[in-house]
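Chemist: Next come the chains, spelled out residue by residue.
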Amino acid sequence: MENALKECFSRAQEAEVTLEFDIPEKDFNNAGKGSSEVKNLLKRLGVESDILRRIAVASYEAEINVAAHSKGGKMMSLIYDDMIHIKFEDMGPGIGDIAQAMIPGYSTADDLVRELGFGAGLGLPNIQRNSDALHISSEAGESTLVEFLIFFT
Amino acid sequence: MTLREIIALLEAEVLNAEVDIDCKVPCAFASDLISDILMCTKEPTMLLTGITNNQVVRLSDMIDLIAIIFVRGKRPLQDVIEMAEERGLPIITTKMTLYRSSGLLFNAGLRSCKI
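Residue numbers (our numbering), protein chains in the order written: chain A, 1 to 153; chain B, 1001 to 1115.
These are calculated hints, taken from the structure and not from any lab test.
Just so it is clear, the structure is predicted and the values come from calculations on it, not from any experiment.
Be aware that a few hints might be false.
[What the hints assert, rightly or not] Quick list of simulated restraints, FRET-style, between CB atoms:
#	chain 1	residue 1	chain 2	residue 2	range
1	A	A140	B	G1073	14 to 22 Å
2	A	K33	B	D1022	26 to 34 Å
3	B	G1103	A	L19	39 to 47 Å
4	B	T1002	A	G105	30 to 38 Å
5	A	D82	B	E1018	35 to 43 Å
[Stated by the list, open to error] If you want the footprint, here are the derived chain B segments under chain A, 3+ residues with CB under 8 Å:
#	segment
6	1036-1042
7	1045-1054
8	1057-1064
[To be verified] Calculated Cβ distances over 12 Å to all of chain A for the following chain B residues:
#	residue
9	I1007
10	A1012
11	N1016
12	E1018
13	V1019
14	S1031
15	D1032
16	L1033
17	K1095
18	G1103
19	A1108
20	G1109
21	L1110
22	S1112
Backbone N, C-alpha and C fix where the C-beta goes; we use that ideal spot for every residue, glycine too.
Looking at chain B on its own, in the form it has when it is part of the complex (with noise of 0.2 Å):
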């Protein structure tokens, strides 16, 4: 799937203007808890999480993230868009959950991330 089509199908929103949406999403992963993210060392993924602190953001320089969906209608503030945008990470906020989130893509095709 591209981004795109995953921002379509969570009905979702961009944060930073200046990142590109049609790049290819290959797998997904999703948790509150940033060491669990950091169990995804093996391929670059999509992370779909409720952090909205600017540590989530600091993750990609640690493993390979490819865009950063904030759930349950979470934004960062603006110093943690402009971290991503720095980054060229896009950053995306849905107001679905991230069981309905994550259910969507899974039945989408989306597979999960390697770990």
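If we strip away everything but chain A, and leave its shape as in the complex, we get (with noise of 0.2 Å):
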């Protein structure tokens, strides 16, 4: 990844708007709420639509990963003046090989999540495909932490 986005990750200005919210294992009757509540609030801020729906896909397929393969978790947004940042942290079990979870159809969602419609292994592309910047940290057993950058312009 280039420096200047590497940055961008860790930028020592302070956001203007933070936005944090927890993600309960397993709680699909509100996972997503946090990905519709950051999206009103940039719509509201003027953020253009085309740019609005690829934040709330990166956000809700990230949302939806925490509560479906996770112990729980949380997703903060930082809001700057030209770029979201939003990091998604849980609390295990981790992602042992995360070049497999990156491969469009891999999958290793339990029946349950399936049973919901989740578990088509395009969770992980589908952040990718619509962020600027896409960073994963985990491994076996631990917790996994996974951001991604996207600019409003």
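Using the hints, put the two standalone chains together into the complex.
Modeler: Rendered as structure tokens:
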């Protein structure tokens, strides 16, 4: 990844707005609400609709991933004047092979998750295709951090 | 095509009363997998699906869905119907299968949405 982009993941400048949501394990009644609220806020701030859809889809996929695959976690959205940085941190159990998880169609979703229509194996690929930069850090047995950036112009 | 024409073609029933069914529908997408549906980010589309849980309505917060057609005679629970009503999203049920519904609409000139 280019250094300029890397720096955007750890901007010294304070975000103008910060939003945080808890994502409980397997709570599919509420999963996705955080992403809806972020989208609504950005819409009020005047972000263009194509960009809004990309942010909403990437964020929703990541939020569902935390609910479906982890022991719960949180979503933190840092909104700057030119971009949004959204971080998803969970409490494990981690991704053993990130490269494999990025392959479209590869899924480890359980039966409950599949019954609800998830588990297409497109979660991480959809986040990648809609974001300007994606960073994942995880190991088997550890927590996972998925964070991405999307610029407003 | 208008949503009204689609409803007639699929011999379908609208489940929420307070919605506009005279809107134009330019294109459609069909899938039972949520992440597949989330590939429709390029233009407003009508969705045909067999998923009836609340997440399918929540998808309309992320992408632009014109209407949802539930196939194979599926009906969502009342709270899902209410969620759709709050969003002004028409939800419709047909006894036809996903394949037959899609085939009839495609033959009638309704194109696939861009992904």
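Chemist: Each hint needs a verdict: does it hold in this structure or not?
Modeler: Hints, verified against the model:
Checking the proposed 14 to 22 Å range against A:A140 and B:G1073 shows it is violated: the Cβ atoms sit about 43 Å from each other. Judged by the Cβ atoms, the range 26 to 34 Å given for A:K33 and B:D1022 holds: they are separated by roughly 31 Å. Under the hint 39 to 47 Å, the C-beta atoms of B:G1103 and A:L19, about 44 Å apart, fit the expected range. Our hint of 30 to 38 Å for B:T1002 and A:G105 holds, since their Cβ atoms are close to 36 Å apart.
Checked against the given bound of 35 to 43 Å, the beta carbons of A:D82 and B:E1018, roughly 40 Å apart, stay inside it. Under a criterion of three residues with beta carbons nearer than 8 Å to beta carbons of chain A, the stated coverage of the segment 1036-1042 of chain B is upheld, 4 such residues being counted. With 4 residues carrying a beta carbon less than 8 Å from a beta carbon of chain A, the segment 1045-1054 of chain B meets the three-residue requirement, and the given coverage holds. Check on the segment 1057-1064 of chain B: 6 of its residues sit with their Cβ under 8 Å from a Cβ of chain A, so the three-residue criterion for coverage holds.
No Cβ of chain A approaches the Cβ of B:I1007 within 12 Å, the least distance being about 23 Å, so the stated non-interface status holds. Non-interface call for B:A1012 relative to chain A: holds, since the shortest CB-CB distance, roughly 21 Å, exceeds 12 Å. At roughly 19 Å from the closest C-beta of chain A, the C-beta of B:N1016 stays outside 12 Å, upholding its exclusion from the interface. Every CB of chain A is more than 12 Å from the CB of B:E1018 (nearest about 21 Å), matching its label as outside the interface.
The claim that B:V1019 lies off the interface holds: its Cβ sits roughly 20 Å from the closest Cβ of chain A, which is beyond the 12 Å cut-off. B:S1031, annotated as away from the interface, has a beta carbon of chain A within 12 Å; the closest lies near 8 Å. With a least CB separation of 6 Å from chain A, B:D1032 falls inside the 12 Å interface cut-off, contrary to its annotation. Its beta-carbon lying about 4 Å from the closest one in chain A, B:L1033 breaks the requirement of being farther than 12 Å from that chain.
The claim that B:K1095 lies off the interface holds: its Cβ sits roughly 20 Å from the closest Cβ of chain A, which is beyond the 12 Å cut-off. For B:G1103, the non-interface assignment is confirmed: its Cβ lies about 22 Å from the closest Cβ of chain A, beyond the 12 Å cut-off. With a least CB separation of 27 Å from chain A, B:A1108 remains clear of the 12 Å interface cut-off, as annotated. No beta-carbon of chain A comes within 12 Å of the beta-carbon of B:G1109; the shortest separation is about 26 Å.
Every beta carbon of chain A lies more than 12 Å from that of B:L1110, the smallest distance being close to 22 Å; the non-interface claim holds. The claim that B:S1112 lies off the interface holds: its Cβ sits roughly 18 Å from the closest Cβ of chain A, which is beyond the 12 Å cut-off.
Violated hints for the displayed structure, listed by number in ascending order: 1, 14, 15 and 16.
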